[in-house]
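Chemist: Residue-level listing of the chains:
Protein chains: 4
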Amino acid sequence: MIRVTVWGENVHEQTNEAVKKIYPDGIHAVIAAGLNEDPELKASTATLQEPEHGLTEAVLDATDVLTWWGHCAHGDVEDAIVDRVQKRVLEGMGLIVLHSGHYSKIFKRMMGTTCSLCWREAGEKERLWVCNPAHPITQGIDGYFELPHTEMYGEPFGIPTPDEQIFISWFQGGEVFRSGATWKRGNGNIFYFRPGHETYPIYYDDNVKLVLKNGVKWAANASRWQDDCPNVPPEKAPEPITVQGEGLHRPGEKGFS
Amino acid sequence: MIRVTVWGENVHEQTNEAVKKIYPDGIHAVIAAGLNEDPELKASTATLQEPEHGLTEAVLDATDVLTWWGHCAHGDVEDAIVDRVQKRVLEGMGLIVLHSGHYSKIFKRMMGTTCSLCWREAGEKERLWVCNPAHPITQGIDGYFELPHTEMYGEPFGIPTPDEQIFISWFQGGEVFRSGATWKRGNGNIFYFRPGHETYPIYYDDNVKLVLKNGVKWAANASRWQDDCPNVPPEKAPEPITVQGEGLHRPGEKGFS
Amino acid sequence: MIRVTVWGENVHEQTNEAVKKIYPDGIHAVIAAGLNEDPELKASTATLQEPEHGLTEAVLDATDVLTWWGHCAHGDVEDAIVDRVQKRVLEGMGLIVLHSGHYSKIFKRMMGTTCSLCWREAGEKERLWVCNPAHPITQGIDGYFELPHTEMYGEPFGIPTPDEQIFISWFQGGEVFRSGATWKRGNGNIFYFRPGHETYPIYYDDNVKLVLKNGVKWAANASRWQDDCPNVPPEKAPEPITVQGEGLHRPGEKGFS
Amino acid sequence: MIRVTVWGENVHEQTNEAVKKIYPDGIHAVIAAGLNEDPELKASTATLQEPEHGLTEAVLDATDVLTWWGHCAHGDVEDAIVDRVQKRVLEGMGLIVLHSGHYSKIFKRMMGTTCSLCWREAGEKERLWVCNPAHPITQGIDGYFELPHTEMYGEPFGIPTPDEQIFISWFQGGEVFRSGATWKRGNGNIFYFRPGHETYPIYYDDNVKLVLKNGVKWAANASRWQDDCPNVPPEKAPEPITVQGEGLHRPGEKGFS
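Residue numbers (the numbering used here), protein chains in the order written: chain A, 1 to 257; chain B, 1 to 257; chain C, 1 to 257; chain D, 1 to 257.
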């Protein structure tokens with residue numbers, strides 16, 4: 001059983017009638033419901049408004065993969081929580097960043113780059129092409145899938161070269177975008193997946209739901225890596241160390257202190 | 001002429017007699033002097049103690065490559081200056097991070113990872129092997145070079161996979177370390193180079209000086225890239241956008257607003 | 001159950017008394033026996049001397065991961081078999097290349113580079129450091145492991161930048177080497193692992209056996225990707241294609257042929 | 001002055017009237033003429049039909065960057081010449097592979113992968129988006145450029161993850177493609193650039209000519225790396241090697257032979 005925490009900014013859903021109509025319980029609720037269709041996954045939600053944004057140490061202890069959706073309130077996410085999430089990802093928690101989450105503090109933190117792109121809201125058609133047909137994330141998608149009405153994101157996308165290119169989008173208005181890409185940072189698997197604007201019912205789409213299920217399974221990682229710059233004193237060195245004029249750096253040897 | 005700003009933390013040199021003796025004018029002064037031996041380079045210095053840590057917008061406007069040495073005062077570097085330097089690197093300013101700078105805010109910011117390693121101070125011998133004999137950074141180094149007395153840094157080094165592995169070190173005490181590596185982030189060339197502990201006269205070493213000169217030339221980049229997530233309105237889209245039931249998204253067309 | 005085919009050149013074992021004494025049934029037999037200690041793995045062997053070098057289509061159909069050891073007879077491997085193995089790796093069969101296999105046709109084929117290195121036979125000590133402590137391949141290895149007597153391989157190693165650096169070796173004689181590294185090519189996971197000279201009993205070593213078991217599990221991949229440059233005729237294009245002066249490229253449309 | 005050898009298969013131009021009309025002196029002649037507009041470049045041509053396909057050792061000695069266009073006669077290129085070109089690229093000669101050259105022996109050799117893609121000839125529009133606006137290869141291109149009538153190439157493209165993504169194409173028929181990408185192999189810079197079908201006058205296009213000029217300048221590399229697996233005998237080891245029961249492996253020492 002893979003434990004997923006679906007994080008939602010949950011602001012548009014409270015303040016915008018059009019969004020509320022599509023996602024009455026919040027975008028996060030729909031994403032979590034989609035994941036919970038899969039018996040191997042167990043998804044819960046957390047939101048900006050909760051104490052510690054719902055991302056307490058206890059919640060993260062019980063999280064194998066975190067998904068992140070945010071848009072208009074990136075700046076309201078406390079740096080201490082971003083530090084905490086980054087630490088967990090580097091230790092091995094999976095991270096899936098969705099749509100406008102490209103500009104979240106946590107994605108920019110993990111990438112080190114601007115994560116900029118160009119964009120347009122015109123309800124146009126998007127077609128996501130599979131660049132890697134045998135990848136775990138694309139299983140069940142045959143060649144491409146389409147979203148009839150979406151916000152456009154276009155190149156240049158300010159990211160480090162991905163480890164693997166998973167999807168590239170074609171837009172009706174003439175742009176292209178690297179819509180699915182993966183990176184490993186520390187021991188954490190990171191997947192950016194573009195679809196998901198708040199004014200379109202993207203997270204009800206069967207293909208989007210499938211990619212998210214696949215993505216979570218791909219990102220989950222049982223191992224953990226905690227590194228903290230340890231000192232290795234001379235007496236613990238694998239080889240004896242002789243320093244000019246001082247003899248051996250080994251306990252009991254001449255010159256060792 | 002490549003303009004280099006050599007940044008130094010300049011704390012050990014003020015507080016530790018042993019360091020002061022080796023670097024009476026500061027580590028930064030010796031690094032800059034080494035670079036200035038090369039007629040193609042013009043190096044100046046900046047330190048933690050100066051206003052804005054010596055890294056004003058005007059200084060960065062006149063900087064092609066920034067080198068960074070810090071150790072005990074990483075936490076004293078203001079986040080606003082780190083933001084500023086990161087922005088410049090992503091636009092195209094070169095960045096060379098030295099030795100204990102592996103744990104600086106700017107290096108961790110660019111990498112997104114822990115940048116952890118293991119270490120030991122025992123004055124042992126280090127031998128830096130060239131992994132890439134034809135790389136601009138290794139020109140003039142034949143196979144390897146040695147430092148008779150250094151601090152040890154050992155694996156695991158908590159970095160993203162480098163674009164290119166330049167040097168790997170062998171240590172007398174039995175460890176190894178990825179001592180020279182490069183990454184591109186945004187439009188910026190980044191080079192991490194390990195040698196340089198404050199209690200050894202490393203920056204007077206001819207091979208170290210040569211690698212730094214080479215590294216600066218490699219990192220310098222005349223182009224600049226400024227990206228800020230531009231909106232591309234429908235009337236600027238390369239292709240006309242038809243939305244179901246609304247007609248064309250083009251000025252003057254039916255349904256366009 | 002992961003099905004492994006352990007390929008052995010099987011020449012030294014027939015012609016060199018010292019090797020025969022260490023590996024009376026061949027290096028491949030000892031590698032396979034080590035893998036078969038793990039109940040999740042089922043390893044068989046194939047050798048140069050068999051018809052089609054033991055790598056018939058039927059054998060490869062039943063192979064999840066292929067391990068490759070060769071040294072003095074790389075040139076005797078038929079190109080047609082190399083083509084066949086490469087095709088399978090790109091489709092998704094895992095490949096683990098061992099020691100002197102760095103100069104095999106199949107490894108050079110997959111890498112595209114020289115795969116050159118420097119070397120010495122002096123029975124010296126090797127210490128393999130883990131660069132990636134949480135990686136599946138390094139599970140059960142704590143920091144490093146040692147081989148008391150090995151052939152030395154040193155940098156520069158003529159490979160493309162690895163996707164992940166797994167091990168780096170320290171040698172008693174003063175060299176270093178990227179002893180464990182991974183690449184993905186097509187849908188195939190590739191792991192190069194250095195230990196294994198024929199005149200030392202390396203493949204009886206518990207740590208080497210553990211790494212090989214881990215490596216096989218990491219490389220195994222149930223999915224397959226077969227690509228053959230398909231034509232997509234205009235009538236199968238996702239969007240209608242209008243060509244200047246010719247109308248739509250769609251069956252039944254004006255100008256479509 | 002950068003010396004470019006423009007290699008052309010030169011078959012369609014001899015056998016197909018439509019192609020002959022567009023490229024009466026061959027595609028290679030037009031590519032070379034475009035490059036020669038730049039005073040920093042000096043381009044010559046070589047073709048399949050010449051002895052050694054025009055790629056003698058002497059020609060390659062005088063070549064900084066090789067461009068490669070082929071389509072219907074990939075199989076006629078002798079393996080010995082492919083070996084020779086690969087060796088030169090790994091030593092440091094730049095390589096630019098054009099359009100249908102994706103399926104050439106030399107590109108498949110350098111990549112190690114299938115280099116497969118999907119394709120369609122319908123004279124449709126292509127728009128090449130810049131993913132990396134500050135890259136040397138994209139200087140002078142503002143956001144994107146268009147080709148009114150081209151053959152379509154679509155994903156999945158069977159390549160190793162590029163070092164840098166330079167262009168991605170949008171096609172009128174609905175596909176996308178990674179149309180410009182770079183890799184470093186050994187000491188050689190490799191650039192794949194998609195445009196160029198024989199039945200369209202692509203190589204007369206100003207933007208295509210500009211990208212090729214930029215690409216050649218990017219790929220040129222003055223250094224050379226020749227590696228041939230050298231032996232480092234014990235007496236040349238940087239450190240003395242003691243082998244259990246045998247003493248030092250140093251000339252004159254006990255146990256040294």
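Hints are not guaranteed to be accurate.
Restraint-style ranges between C-beta atoms, simulated for each label pair [to be verified]:
| hint | chain 1 | residue 1 | chain 2 | residue 2 | range |
| --- | --- | --- | --- | --- | --- |
| 1 | A | Cys229 | B | Glu78 | 18 to 26 Å |
| 2 | D | Asn16 | A | Asn16 | 53 to 61 Å |
| 3 | B | Asp76 | C | Asn36 | 57 to 65 Å |
| 4 | A | Glu17 | B | Asp61 | 15 to 23 Å |
| 5 | B | Asp228 | D | Asn16 | 47 to 55 Å |
| 6 | D | Met1 | A | Cys229 | 46 to 54 Å |
| 7 | D | Asp79 | B | Pro233 | 20 to 28 Å |
| 8 | D | Glu17 | A | Ala18 | 39 to 47 Å |
| 9 | A | Ala80 | D | Cys229 | 19 to 27 Å |
| 10 | B | Asp76 | A | Ala80 | 16 to 24 Å |
| 11 | C | Asn36 | A | Cys229 | 47 to 55 Å |
| 12 | C | Glu57 | D | Pro136 | 39 to 47 Å |
| 13 | A | Asp83 | D | Pro233 | 50 to 58 Å |
| 14 | D | Pro51 | C | Glu78 | 26 to 34 Å |
Computed list of chain B residues with no C-beta within reach of chain C, every gap over 12 Å [to be verified]:
| hint | residue |
| --- | --- |
| 15 | Gly54 |
| 16 | Thr56 |
| 17 | Gly154 |
| 18 | Glu155 |
| 19 | Trp170 |
| 20 | Arg178 |
| 21 | Gln226 |
| 22 | Cys229 |
Covered by chain A, per the in silico footprint, the following chain B stretches (three or more residues, Cβ under 8 Å) [as the list claims (entries may be wrong)]:
| hint | region |
| --- | --- |
| 23 | 103-113 |
| 24 | 116-127 |
Because the hints were derived from the structure by calculation, they are not lab data.
Glycine included, each C-beta is placed from N, C-alpha and C at the ideal position.
Chemist: Looking at Gly154(B) again, its CB stays over 12 Å from all of chain C?
Modeler: violated (7 Å)
Chemist: Far enough from chain C: is every CB of that chain over 12 Å from the CB of Thr56(B)?
Modeler: At roughly 37 Å from the nearest Cβ of chain C, Thr56(B) sits farther out than 12 Å, so the non-interface label holds.
Chemist: Going by Cβ atoms, does Glu155(B) stay more than 12 Å from chain C at every point?
Modeler: violated (5 Å)
Chemist: Verify the coverage statement for the region 103-113 of chain B against chain A, using a C-beta to C-beta distance below 8 Å and requiring 3 or more qualifying residues.
Modeler: holds (count 6)
Chemist: Kindly confirm whether 47 to 55 Å is satisfied by the beta carbon distance between Asn36(C) and Cys229(A).
Modeler: violated (41 Å)
Chemist: Examine each Cβ of chain C, and state whether all of them lie more than 12 Å from the Cβ of Gln226(B).
Modeler: holds (28 Å)
Chemist: Evaluate the given range 50 to 58 Å for the C-beta pair formed by Asp83(A) and Pro233(D).
Modeler: For Pro233(D) against Asp83(A), whose Cβ atoms are near 52 Å apart, the range 50 to 58 Å holds.
Chemist: Does the Cβ distance between Glu17(A) and Asp61(B) fall inside 15 to 23 Å?
Modeler: Since Glu17(A) and Asp61(B) have Cβ atoms about 47 Å apart, the given range 15 to 23 Å is violated.
Chemist: Confirm or reject the claim that Asp76(B) and Ala80(A) have a C-beta distance inside 16 to 24 Å.
Modeler: holds (19 Å)
Chemist: Could you tell me whether the CB distance from Met1(D) to Cys229(A) stays inside 46 to 54 Å?
Modeler: holds (50 Å)
Chemist: Can you let me know if the beta-carbon spacing of Glu17(D) and Ala18(A) is within 39 to 47 Å?
Modeler: Violated, since Glu17(D) and Ala18(A) (Cβ atoms, about 59 Å apart) do not stay within the stated range.
Chemist: Is the nearest Cβ of chain C still more than 12 Å from the Cβ of Trp170(B)?
Modeler: Label violated. Min Cβ-Cβ 5 Å, cutoff 12 Å.
Taken one by one, the earlier hints fail for this structure at numbers 4, 7, 8, 9, 11, 17, 18, 19, 20, listed in ascending order.
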